[in-house]
Amino acid sequence: GAVVSQHPSRVICKSGTSVKIECRSLDFQATTMFWYRQFPKQSLMLMATSNEGSKATYEQGVEKDKFLINHASLTLSTLTVTSAHPEDSSFYICSARRAGTHGTEAFFGQGTRLTVV
Amino acid sequence: GESVGLHLPTLSVQEGDNSIINCAYSNSASDYFIWYKQESGKGPQFIIDIRSNMDKRQGQRVTVLLNKTVKHLSLQIAATQPGDSAVYFCAESGNQAGTALIFGKGTTLSVSS
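Protein chains in written order, with the working numbering: chain A, 13 to 129; chain B, 28 to 140.
Check before you lean on any hint, since a few could be wrong.
Below, a list of computed lysine-lysine pairs in the DSS-like style, where the Cα atoms sit at most 27 Å apart [unchecked claim]:
no.	chain 1	residue 1	chain 2	residue 2
1	B	Lys64	B	Lys98
2	A	Lys76	B	Lys98
3	B	Lys69	A	Lys53
4	B	Lys69	A	Lys26
5	A	Lys78	B	Lys69
6	A	Lys32	A	Lys78
7	B	Lys98	A	Lys53
8	A	Lys53	B	Lys132
Don't read these hints as lab results, they were simulated from the structure.
Only chain B is shown next, with the shape it has when bound in the complex:
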C-alpha cells in the first residue's frame, strides 16, 4: 500500500481564507518531504519542501509543518486565492538522488470568490 496519504480528498475555502492541507506518512525513515501543486494536464509544481531536521519552514504565503512524532505533514496557505485552486500532493523520500518520491493521494483545493 501507499506509505503517504492525505486525510481529506477535497477542501473548499473562500478567497482570502487560510487553507490547511494535511498529510500522514508511515515511513519513519523518510527524511525529505515536499508539497506539490498540480493543475489539470500538467506535471507537479514544487511548492515547498522540508527536511526531517526541521519542524517548520515558510515560503511566500505557504508554510509547511512537520511533526515527526506523529508522522504528520501539513501545508498552510495564507490568504488563499482562486489561482491556488488545484490538487495538492505531499511526497516523501530519502534524501539521496537515487531515491524516488512517493506521493500521497492528493487533496483538491477549491477556492471560491
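For reference, chain A alone in the conformation it holds in the complex:
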C-alpha cells in the first residue's frame, strides 16, 4: 500500500484563490519531504525541500511567498499555492524518503492535479 499519501488528487480553483495540498507519510516519520511540480510532457522539477520544524528550502526560481510550505509534524507537510493563477496549473507531487534495508528509499504521493480557471 501507499506509504506517502497526498490529498487532494485533483482540484480546480478560481484565479486569485489559494489551494492547500497535503502530504502525509503513513507509517514512518519524515523529517524531510520534497515537493515537485510537473508540467505536461515534462519531467518532475524539484520546487522545495520541506523540513520539519524549520523553514523550507526553495529551489532557484520558486517563489517562497507564493508556494507556502509548512511541515509542522513528522508525518505531514503542506504546500499552499497562494493567489493562484492559470500558469500555476500543474501536477504537484510530494515525496519522502525512508531508511530501508539497502539504503534510503524514496516514496511519492499520488500527485495533485491543480487547474486554475
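For chain A, the structure is supplied; the task is to place chain B on it using the hints.
This is chain B only, laid out in the frame that chain A set:
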C-alpha cells in the same frame, strides 16, 4: 541546468522485444539511482534502483546497469508488453533521507502489439 538527462525522448518497440532506455548523469557524487515509470495522471512508480557500489541489478523483467566511469545508467526491459507503455524517468541523489531526487527528462516508451 539539470544534472540528469536522457538520450532519447521517445522509444517505440514491438511487443515481445527488449527495450533499453538510457540516461546520463553529471553529478559524480550521486550514489543512488532509480528508475521510475509514470502513467498519465499518476505519480512516479518505482521500478528498480541501484547503489553506486554496484554495476548491475536485476528485477522481474527489468535490469539496471550503472557505468560510473562514463556516468551512464540504463534500464533494460525484457519481453516488453503493452502495459509497459509509459514515460520512464531516471533519478539520482545521495543516499541520505534529506537529499532530494533529481529527475531526468523522461523517455516515452510506446509498445505496439
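Hint check results:
no.	hint	in the structure
1	B:Lys64 with B:Lys98	holds, 21 Å
2	A:Lys76 with B:Lys98	violated, 33 Å
3	B:Lys69 with A:Lys53	holds, 13 Å
4	B:Lys69 with A:Lys26	holds, 23 Å
5	A:Lys78 with B:Lys69	holds, 24 Å
6	A:Lys32 with A:Lys78	holds, 12 Å
7	B:Lys98 with A:Lys53	holds, 25 Å
8	A:Lys53 with B:Lys132	holds, 9 Å
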